[in-house]
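Kindly generate the complete structure, drawing on both the sequences and the hints.
4 protein chains.
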Amino acid sequence: MTKAKRRLPRKPIISIVRQNGRLNVQGINKWYYYWRDPYHLLITMPWSWFLGIVASGYILLNSLFALAYLLQPGSIANARPGNFWDAFFFSIQTMATIGYGVMNPQTDYANVLVAIESWVGLLGVAMGTGIAFARFSRPTARVVFSRVAVVTAYDEIPTLMFRVANKRRNQIIEAQIRVVLVRDEMNAEGQFMRRLYDLPLVRANNPIFILSWTVMHPIDEYSPFYGATLADLEAAETMLVVTLTGIDETVSQMIHARHTYIASEMLWHHRFADILFQKSDGQRYIDYNHFHEVMP
Amino acid sequence: MTKAKRRLPRKPIISIVRQNGRLNVQGINKWYYYWRDPYHLLITMPWSWFLGIVASGYILLNSLFALAYLLQPGSIANARPGNFWDAFFFSIQTMATIGYGVMNPQTDYANVLVAIESWVGLLGVAMGTGIAFARFSRPTARVVFSRVAVVTAYDEIPTLMFRVANKRRNQIIEAQIRVVLVRDEMNAEGQFMRRLYDLPLVRANNPIFILSWTVMHPIDEYSPFYGATLADLEAAETMLVVTLTGIDETVSQMIHARHTYIASEMLWHHRFADILFQKSDGQRYIDYNHFHEVMP
Amino acid sequence: MTKAKRRLPRKPIISIVRQNGRLNVQGINKWYYYWRDPYHLLITMPWSWFLGIVASGYILLNSLFALAYLLQPGSIANARPGNFWDAFFFSIQTMATIGYGVMNPQTDYANVLVAIESWVGLLGVAMGTGIAFARFSRPTARVVFSRVAVVTAYDEIPTLMFRVANKRRNQIIEAQIRVVLVRDEMNAEGQFMRRLYDLPLVRANNPIFILSWTVMHPIDEYSPFYGATLADLEAAETMLVVTLTGIDETVSQMIHARHTYIASEMLWHHRFADILFQKSDGQRYIDYNHFHEVMP
Amino acid sequence: MTKAKRRLPRKPIISIVRQNGRLNVQGINKWYYYWRDPYHLLITMPWSWFLGIVASGYILLNSLFALAYLLQPGSIANARPGNFWDAFFFSIQTMATIGYGVMNPQTDYANVLVAIESWVGLLGVAMGTGIAFARFSRPTARVVFSRVAVVTAYDEIPTLMFRVANKRRNQIIEAQIRVVLVRDEMNAEGQFMRRLYDLPLVRANNPIFILSWTVMHPIDEYSPFYGATLADLEAAETMLVVTLTGIDETVSQMIHARHTYIASEMLWHHRFADILFQKSDGQRYIDYNHFHEVMP
Numbered sequence: 001m002t003k004a005k006r007r008l009p010r011k012p013i014i015s016i017v018r019q020n021g022r023l024n025v026q027g028i029n030k031w032y033y034y035w036r037d038p039y040h041l042l043i044t045m046p047w048s049w050f051l052g053i054v055a056s057g058y059i060l061l062n063s064l065f066a067l068a069y070l071l072q073p074g075s076i077a078n079a080r081p082g083n084f085w086d087a088f089f090f091s092i093q094t095m096a097t098i099g100y101g102v103m104n105p106q107t108d109y110a111n112v113l114v115a116i117e118s119w120v121g122l123l124g125v126a127m128g129t130g131i132a133f134a135r136f137s138r139p140t141a142r143v144v145f146s147r148v149a150v151v152t153a154y155d156e157i158p159t160l161m162f163r164v165a166n167k168r169r170n171q172i173i174e175a176q177i178r179v180v181l182v183r184d185e186m187n188a189e190g191q192f193m194r195r196l197y198d199l200p201l202v203r204a205n206n207p208i209f210i211l212s213w214t215v216m217h218p219i220d221e222y223s224p225f226y227g228a229t230l231a232d233l234e235a236a237e238t239m240l241v242v243t244l245t246g247i248d249e250t251v252s253q254m255i256h257a258r259h260t261y262i263a264s265e266m267l268w269h270h271r272f273a274d275i276l277f278q279k280s281d282g283q284r285y286i287d288y289n290h291f292h293e294v295m296p
Numbered sequence: 001m002t003k004a005k006r007r008l009p010r011k012p013i014i015s016i017v018r019q020n021g022r023l024n025v026q027g028i029n030k031w032y033y034y035w036r037d038p039y040h041l042l043i044t045m046p047w048s049w050f051l052g053i054v055a056s057g058y059i060l061l062n063s064l065f066a067l068a069y070l071l072q073p074g075s076i077a078n079a080r081p082g083n084f085w086d087a088f089f090f091s092i093q094t095m096a097t098i099g100y101g102v103m104n105p106q107t108d109y110a111n112v113l114v115a116i117e118s119w120v121g122l123l124g125v126a127m128g129t130g131i132a133f134a135r136f137s138r139p140t141a142r143v144v145f146s147r148v149a150v151v152t153a154y155d156e157i158p159t160l161m162f163r164v165a166n167k168r169r170n171q172i173i174e175a176q177i178r179v180v181l182v183r184d185e186m187n188a189e190g191q192f193m194r195r196l197y198d199l200p201l202v203r204a205n206n207p208i209f210i211l212s213w214t215v216m217h218p219i220d221e222y223s224p225f226y227g228a229t230l231a232d233l234e235a236a237e238t239m240l241v242v243t244l245t246g247i248d249e250t251v252s253q254m255i256h257a258r259h260t261y262i263a264s265e266m267l268w269h270h271r272f273a274d275i276l277f278q279k280s281d282g283q284r285y286i287d288y289n290h291f292h293e294v295m296p
Numbered sequence: 001m002t003k004a005k006r007r008l009p010r011k012p013i014i015s016i017v018r019q020n021g022r023l024n025v026q027g028i029n030k031w032y033y034y035w036r037d038p039y040h041l042l043i044t045m046p047w048s049w050f051l052g053i054v055a056s057g058y059i060l061l062n063s064l065f066a067l068a069y070l071l072q073p074g075s076i077a078n079a080r081p082g083n084f085w086d087a088f089f090f091s092i093q094t095m096a097t098i099g100y101g102v103m104n105p106q107t108d109y110a111n112v113l114v115a116i117e118s119w120v121g122l123l124g125v126a127m128g129t130g131i132a133f134a135r136f137s138r139p140t141a142r143v144v145f146s147r148v149a150v151v152t153a154y155d156e157i158p159t160l161m162f163r164v165a166n167k168r169r170n171q172i173i174e175a176q177i178r179v180v181l182v183r184d185e186m187n188a189e190g191q192f193m194r195r196l197y198d199l200p201l202v203r204a205n206n207p208i209f210i211l212s213w214t215v216m217h218p219i220d221e222y223s224p225f226y227g228a229t230l231a232d233l234e235a236a237e238t239m240l241v242v243t244l245t246g247i248d249e250t251v252s253q254m255i256h257a258r259h260t261y262i263a264s265e266m267l268w269h270h271r272f273a274d275i276l277f278q279k280s281d282g283q284r285y286i287d288y289n290h291f292h293e294v295m296p
Numbered sequence: 001m002t003k004a005k006r007r008l009p010r011k012p013i014i015s016i017v018r019q020n021g022r023l024n025v026q027g028i029n030k031w032y033y034y035w036r037d038p039y040h041l042l043i044t045m046p047w048s049w050f051l052g053i054v055a056s057g058y059i060l061l062n063s064l065f066a067l068a069y070l071l072q073p074g075s076i077a078n079a080r081p082g083n084f085w086d087a088f089f090f091s092i093q094t095m096a097t098i099g100y101g102v103m104n105p106q107t108d109y110a111n112v113l114v115a116i117e118s119w120v121g122l123l124g125v126a127m128g129t130g131i132a133f134a135r136f137s138r139p140t141a142r143v144v145f146s147r148v149a150v151v152t153a154y155d156e157i158p159t160l161m162f163r164v165a166n167k168r169r170n171q172i173i174e175a176q177i178r179v180v181l182v183r184d185e186m187n188a189e190g191q192f193m194r195r196l197y198d199l200p201l202v203r204a205n206n207p208i209f210i211l212s213w214t215v216m217h218p219i220d221e222y223s224p225f226y227g228a229t230l231a232d233l234e235a236a237e238t239m240l241v242v243t244l245t246g247i248d249e250t251v252s253q254m255i256h257a258r259h260t261y262i263a264s265e266m267l268w269h270h271r272f273a274d275i276l277f278q279k280s281d282g283q284r285y286i287d288y289n290h291f292h293e294v295m296p
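Residue numbers (the working numbering), protein chains in the order written: chain A, 1 to 296; chain B, 1 to 296; chain C, 1 to 296; chain D, 1 to 296.
These are calculated hints, taken from the structure and not from any lab test.
In this text the structure is predicted, and so the values were computed from the model without any measurement.
Using N, Cα and C, we set each Cβ at its ideal position, and we do this for glycine too.
Simulated restraints, written as ranges between beta carbons of each label pair: (1) B:G190 <-> D:P38: 52 to 62 Å; (2) C:Y222 <-> B:P38: 51 to 61 Å; (3) A:R203 <-> C:H270: 36 to 46 Å; (4) C:Y222 <-> A:Y285: 48 to 58 Å; (5) B:S63 <-> C:Q72: 36 to 46 Å.
Just some of the chain A residues that point at chain D, by a computed CB distance under 8 Å: (6) T97; (7) G99; (8) G101.
Now the structure itself:
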């Protein structure tokens with residue numbers, strides 16, 4: 001328990017903005033906020049920026065070494081004395097460990113610089129290429145959530161449903177869905193708070209999530225939706241937060257996806273169009289073109 | 001929540017084909033479907049393809065640089081002017097950071113190309129070798145499931161059983177098995193759906209899964225199998241989906257295996273042959289030759 | 001089960017020191033205790049030490065090879081015979097795989113040394129840069145716990161509360177908090193023991209932990225705090241151990257944080273200042289300047 | 001579900017040997033059984049073997065390329081024609097990407113070989129160094145289990161206890177212990193089986209496992225030990241399998257440890273010696289010298 005742990009977040013005031021009926025935290029999750037977590041910064045920035053930064057760093061570092069070689073005229077054989085570019089290209093040949101040898105260190109001073117540069121180069125290359133690979137291999141989920149959730153009768157119980165589809169052609173092992181209802185509440189002491197409630201699901205896990213999964217929450221007397229009207233839900237800024245986690249079959253790593261439904265995206269007395277059909281020869285097929293379709 | 005998340009899967013119609021009594025999703029899990037996930041693609045393709053792609057990329061990249069060196073005649077010392085192969089071999093010596101130095105950059109143009117090539121080479125080599133190592137070290141389970149499941153009396157309760165064996169000579173830590181019954185159902189509203197039911201097991205986890213494990217589901221009045229006939233099971237396209245997950249003792253990484261049993265692979269009133277025997281000197285041994293054997 | 005597993009810890013007597021009312025284990029978690037776990041040692045030491053060790057190792061290894069090259073006079077072309085620095089710089093050029101070629105191995109003895117050095121260099125560089133990258137990419141949580149916990153009425157039930165804020169601008173997926181009360185107890189046999197009790201929480205997980213989370217434990221008749229006085233708590237050296245675990249959204253790796261509250265850091269009949277405000281235009285904002293503030 | 005998954009383990013008969021009262025599976029967990037899992041093999045073999053294999057592979061590969069260079073006399077400049085060692089050393093300089101340049105490829109044939117060798121070298125080096133680093137950074141637990149388990153009264157209930165200590169100077173996050181009793185049983189149908197029972201523990205998880213943890217299982221009427229005698233336990237080959245899992249605080253990776261207690265290692269009516277003491281100044285300390293000590 002160091003003092004550091006008690007320090008406040010960097011930007012102590014954060015706005016929560018309403019956009020299209022959604023509450024959004026301003027500036028959250030933008031990669032350029034990570035400046036104090038360089039690894040996160042380098043992982044989340046766009047590829048173009050990342051490659052630009054790596055290239056700039058490479059040029060900058062070689063320029064610094066070039067200037068250092070120039071400090072002692074004649075330190076590099078076959079380099080034009082005082083010529084920055086020759087020193088720069090010699091530095092590149094050294095840091096990248098090419099070492100053609102036409103230009104080569106003539107003096108002890110140059111040799112010491114080469115020793116330092118080789119060491120800096122090895123660590124720097126490891127960092128740059130390590131981050132590049134971490135970016136490339138970062139586990140991600142590619143799932144699609146239906147545009148809306150619907151409430152319709154299922155086995156005579158009004159049931160909240162939404163659909164999830166796996167866009168990859170592999171399985172998500174041990175897929176688990178958690179649905180949390182978030183709404184404004186006032187407690188007995190008159191304090192305002194945003195409260196969270198877990199919604200019980202008919203199935204919260206799916207061992208065979210390859211194609212499509214209809215997630216269902218029965219609205220019985222234990223559900224926080226029981227007896228609620230659309231006006232209630234909107235007044236309390238109600239939203240559903242859906243979290244999907246699982247293990248990617250191919251890379252055996254944890255993946256996750258998240259989606260929110262706000263009150264106006266839950267359609268009462270609607271149901272989803274079928275996506276599972278049967279051909280005349282009895283063969284089944286799934287037509288994702290109807291994935292987002294709902295009907296009264 | 002970006003728009004991208006709402007886009008449909010790439011190929012919106014997917015066939016589910018019946019093969020030997022099994023429902024299979026056509027084309028699922030074929031490596032060449034991953035073209036929009038290049039990392040997954042490169043991880044799952046066969047080694048021969050992977051090595052071929054790496055080699056082709058290496059040749060292509062070096063050819064491009066060779067052509068660039070040729071644009072300025074005389075840019076490379078000791079290379080025959082206008083000779084593609086000399087430029088190509090010089091490019092190889094540069095990208096692989098060998099740098100014999102007999103051929104070497106003569107002009108600023110060539111030196112700038114060398115700087116760019118070294119940078120491209122370092123990133124490219126990191127990607128290629130990183131993926132090669134990720135392929136080689138990918139955690140996999142090597143377990144074998146018995147060819148059929150049987151239903152036999154155990155402690156006077158009819159019990160569904162199947163066997164799993166670990167083919168590796170190490171332990172699977174925290175091995176967990178989940179068995180889900182999948183069958184067609186029609187709800188009260190007349191909608192057809194594929195429903196999943198968890199089957200309760202006598203033991204769902206095994207801290208010492210080294211050799212063989214007999215997984216048992218008692219068919220009591222809470223079991224979805226209770227009172228079902230083989231005809232019922234087949235009509236409803238019933239299948240058991242078995243998922244095994246655990247931690248590989250050696251590499252401390254998550255591993256998983258999956259198996260399905262269809263109705264015709266569940267043998268009623270059969271039992272497994274013993275695989276644990278005792279020698280005359282009291283020493284025990286396991287004979288896997290009887291692993292798949294059943295008897296009435 | 002080898003004998004090794006039964007060996008005692010290295011330093012069999014460990015002091016537990018009282019500092020500012022906290023019990024601290026002396027010397028725990030200091031990086032220089034890891035000398036028998038070299039990987040842990042290299043991961044946890046300060047960067048300055050790590051870079052120093054890598055540099056020293058690099059210099060030492062090259063010096064050893066330099067001495068070996070010197071054993072045979074004339075083994076390196078263009079090196080002054082018997083000159084340590086020339087041999088040293090040749091070794092650097094070899095280990096870093098630069099190979100300018102002006103100095104080069106003349107004899108079979110030197111060539112064998114080069115073969116060995118290249119092999120040692122490749123493994124050594126992989127170790128050094130691998131650890132450097134592991135240090136850089138180590139997943140860490142950046143969360144801040146409120147300076148004190150308070151006990152105040154919530155929905156008319158006395159409730160223990162503390163706050164946690166995520167200092168990063170990303171989400172912690174599947175954030176989970178566990179609060180354990182630790183206190184001295186004597187059992188019926190008169191034996192003294194430090195016992196642990198889980199405190200039930202209103203919510204122990206939070207799927208949307210971006211900003212701030214108020215963790216609440218209701219002090220009802222099942223709570224170990226029920227009826228306890230401050231004097232009781234202090235006499236029993238009571239402390240709360242809070243553990244937060246979750247998955248970092250950005251790097252998909254497990255992160256964790258820990259905090260302890262001792263008896264004097266739990267304020268009875270106080271409550272936290274609000275941090276969620278509303279502007280005149282209805283827009284909400286969070287002001288972390290009041291994060292640690294309590295009021296009676 | 002491919003055919004491969006149904007194939008039997010490689011060595012279908014495995015002996016279970018009694019050693020000092022323990023049942024041991026012969027040959028399990030020996031690294032040389034992994035020949036069909038090369039990654040596991042290379043991870044688990046002793047360092048001396050690993051380094052030997054890497055060195056041999058390096059020499060073999062370079063010898064093959066040396067022979068290929070020799071096929072065309074004069075392919076390498078400044079190499080004695082037909083001299084294996086010159087070709088070998090040239091190959092080393094090429095594969096390790098040193099490239100002094102004194103020896104260099106003279107012909108297109110040699111240049112093509114160099115291109116192939118650079119590509120083989122880059123992949124090979126990545127494999128070798130990747131495995132070396134994976135070996136070095138493999139997460140391991142360093143915990144010690146007490147030599148015996150004891151059964152003594154705790155709060156007037158007979159309780160099975162054993163101790164665990166963390167030998168590292170860091171914490172194990174979310175440490176969890178699972179204790180399973182394994183014994184021979186015969187079912188109602190007369191079939192012999194080895195059955196597993198989870199033992200309920202007073203605490204199965206420990207958020208602050210830094211030093212020592214006494215794990216306790218109360219032997220009440222729900223315990224499989226209830227009313228059992230030592231003779232019963234031994235006749236049924238009873239053993240306790242203890243599994244500890246957790247997250248290493250330093251490297252944020254899963255670690256695990258396992259221990260078994262056989263019937264003769266459970267001491268009835270004994271208790272552990274204290275290890276927590278208090279100095280005259282009230283300061284506490286832990287003396288691990290008494291860690292394994294029991295007293296009647």
